[in-house]
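Trainee: Sequence:
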Amino acid sequence: MYLIKYLLTQLFRLSLILLIIWLAIRSYIWVTSAEPVALRSEDETRSSVHWLQQDKALTFNFSADRTYSIRVLSNAIFSEQQQFEEPVHYAIEYTLLDGKSNPLSTHVYHHASKLALDNEQKQVKQIIENRDTLAVSSGQSFFISNEQLTNASAISLRLIPENEQLRGVVIRLHAKTPVSLNDINRAWLRQSTDWRERMTNYHTIGNNALSSQEILNAVTFEWQKLAPQGIPGIDFTGDTLYETLPYYVLSYDFSAEQLNLDSFYTDEQLSASFRNYLTQDLYVFKEQSNTTLFATWYDIKQLKAPIQLNLIATELANTFTIPNVEPGLIVVQSSAPMLTRWFVEDDAQFSALHSYFYNINEQNSAEYHVAKGSDINFEFRGEKGTPVEITLYNDDEEIEKYRVFLQGIKSDFDRIIDETTIRQSVFESEQFFTRLPRNVNRIKIASRQIVLAKLQARQSSFHYQSEICEQICKPELSDFIAIGAWFSQKAQNDYTFTEQKLITNVRLFETPPELPSNEEMSTTYISRDLTLSLPLSNTFLVNSPDKYFKKLFPETAPTEHQFSEAKSFQHLIQAKNNNRLRDKRVIELRKTRPFYKERSLENLTESQLLSLSARKQTLFVNEGPDRPWQKQRGYLLKAGKPLTLNYENKPESIVIKVFKTKHFNDYVVLNTRINGKLNDRLSPEYTIENKRFALMPANMTDVFALHPAIEEVKAYNSVTLTINNDLKALQSITVTAEQDIWISVLDELTQAPTEAQWRQYESN
1 MYLIKYLLTQ LFRLSLILLI IWLAIRSYIW VTSAEPVALR SEDETRSSVH WLQQDKALTF
61 NFSADRTYSI RVLSNAIFSE QQQFEEPVHY AIEYTLLDGK SNPLSTHVYH HASKLALDNE
121 QKQVKQIIEN RDTLAVSSGQ SFFISNEQLT NASAISLRLI PENEQLRGVV IRLHAKTPVS
181 LNDINRAWLR QSTDWRERMT NYHTIGNNAL SSQEILNAVT FEWQKLAPQG IPGIDFTGDT
241 LYETLPYYVL SYDFSAEQLN LDSFYTDEQL SASFRNYLTQ DLYVFKEQSN TTLFATWYDI
301 KQLKAPIQLN LIATELANTF TIPNVEPGLI VVQSSAPMLT RWFVEDDAQF SALHSYFYNI
361 NEQNSAEYHV AKGSDINFEF RGEKGTPVEI TLYNDDEEIE KYRVFLQGIK SDFDRIIDET
421 TIRQSVFESE QFFTRLPRNV NRIKIASRQI VLAKLQARQS SFHYQSEICE QICKPELSDF
481 IAIGAWFSQK AQNDYTFTEQ KLITNVRLFE TPPELPSNEE MSTTYISRDL TLSLPLSNTF
541 LVNSPDKYFK KLFPETAPTE HQFSEAKSFQ HLIQAKNNNR LRDKRVIELR KTRPFYKERS
601 LENLTESQLL SLSARKQTLF VNEGPDRPWQ KQRGYLLKAG KPLTLNYENK PESIVIKVFK
661 TKHFNDYVVL NTRINGKLND RLSPEYTIEN KRFALMPANM TDVFALHPAI EEVKAYNSVT
721 LTINNDLKAL QSITVTAEQD IWISVLDELT QAPTEAQWRQ YESN
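So in the numbering used here the end of the sequence shown lands on 764, straight run, no missing numbers.
Since the hints were derived computationally from the structure, they do not count as laboratory data.
Please read all numbers here as calculations on a predicted model, not as lab measurements.
Where hints are given, some of them may not hold.
As the list claims (entries may be wrong) - Mimicking EDC-like on lysine to aspartate or glutamate, the simulated pairs with C-alpha atoms at most 16 Å apart in a straight line are: (1) Lys547 x Glu467; (2) Lys410 x Glu389; (3) Lys660 x Glu588; (4) Lys662 x Glu602; (5) Lys728 x Asp680.
To be verified - With beta-carbon atoms standing in for the labels, derived distance ranges: (6) Asp702 x Arg593: 40 to 46 Å; (7) Ser517 x Ala614: 44 to 50 Å; (8) Ser732 x Asn260: 52 to 58 Å; (9) Asn310 x Gln731: 49 to 55 Å; (10) His663 x Asp702: 17 to 23 Å; (11) Thr150 x Glu648: 41 to 47 Å; (12) Thr106 x Ile483: 41 to 47 Å; (13) Asp55 x Ile20: 40 to 46 Å; (14) Val344 x Glu685: 23 to 29 Å; (15) Leu508 x Pro642: 35 to 41 Å; (16) Glu685 x Thr605: 54 to 60 Å.
C-beta: ideal position from N, C-alpha, C; glycine also.
Let the hints inform the model, and build the full structure from the sequences given.
Mentor: This is the structure:
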């Protein structure tokens, strides 16, 4: 009995020791294998990926009824980190299978992938395999559209390696599926907090005020991850991909020799440009340092002449800086092919816009389904004389047909990026507009010659919202969302163009403002009398300097309502003795009450003028060649009160100037509506009827109130409404402000009226 107890005790002790040893070994293996080798960040996330084999296909099942498209995301795996300079090519062959696993179609998608650099050089991805940290390329992806997925229930993928350096490829598949009505709240909560906050700005006033319909609109679709079919470790191999968000993704889905897609390409024919929104230091990296680079600053409002910028070398090779560049348009030029990358101090890079066009030819026309009564914007690029036919249908019934012939002007800025990343010149955009009849729901664009075509649409009743800044705007207002005028439309036969690779990506650059002709400069601005509509008015003295190119044209004599600042006694004496003026005035502006006083110069003696010039006050006289200060009559427009401006003849444009004498911290919201007879035929111009503006303070525009009790006044950026040729007859313009403002309206006319304008020659 004693022996039995002894043996059981020893067996128990031995089992306990073995258990402790086993747990220690497992813990050691877990610790050494689970920790990434490189330093990770708090933004790191993990994804389950699957290795793609060359000799064994990986199959994924999906619901044919609920899947709108499939995204295939792949990453190339490198065994050495020294290979990031050269791209590694590989392809993925995918076969669509029906419900009985019979192949329906097979396609091959090619990738060219580069290594994502290490942690201190913006690393984004890393994979752990058998305790080894492997270098991972930037993510490459392609989409399989719903048209291809017709009758398919599964997809199998196989790797086609095209480089010896490639160690392998891992993939992830996601299916775009609709969200169930019973699952919208869970789908909403699965989204990130930042995403949800951004979406609520488009729908409502806050997170807690979301309705079920608004949530449904935001999460109509979601991307569900697909799992491969089979037994893990036998039929497929899984792994863990460590990713740092946000991704610094380098996309190289091209072949052969490559140019950096993020860089601006310039040569003797192509220039580039970008907008600088803040006064800041700019940096440029030149990939070809032996080529001379020219950078020119342009004032968008053309108050200052263009300035040639000087590049200053930095300690970094081929990197230059330009200090204290004001907001404006930067135009980049070079006499030989050159790539440059432009960025600011925090390494935020300037980039270009892109636009996609369908390649129309004799065999392929673009067909669109459109909402009845829409307004349409056609955009074409093609050779000179290229005919383009636009046909409007009601279902299959032809309603209207237009034909246009393109001018075919080569663009100096826009360009095409081909499959080898080489930039190619493209023709300038030519736009045409039409307002569809109520019975048109389909449009067809056709041409016997190659032409790039794009269609955008809008409803005429939609508001166009934008911010207007002193120089150029980068919308940042949280409670005022900019709304563009046009929305791109997808062709009904988009799949055909996609499959045949007949979609062209055009990189867009802004052209600098052009100098107007003498004929364009011959217009005049006349202030409107708003006394009958807005009886309460006041006079303002506004600094309105001419645009820099005004000196290139014959100068006109300043009128009596234009003033210059008198900074000396001699200036006052000269103004008094000038007999050319009918009404010589002097304006006194003080810092204490009364803040303003105006008198006739002829009634002042020399001793009185000497006394005026000796005081600490600001004086203005309407004498001298350079008189940027102008008297303008402003009328008080109460918040919400509509101001209707009636017209018999069309002006060239209408300028609305805004002032405030209190509550300067708020921006001004202005609504405008143009009422008139619009052209419903094809036209090269288009008038937006409803507009809504957020006007920012014009800090560079000095203004004074010519009123003894008003101490301070602030000017806001003016609104210019261009009257286009598609407006057959202008009946009225309605202006509404959402705050109390002082408003001045000027009409741009080709000929000045013969009668005197009492508002410009008034005296107090």
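Trainee: Under the constraints set out in the numbered hints, which ones does this structure not fulfil?
Mentor: Hint check: 1, 2, 3, 4, 6, 11, 14 fail, others pass.
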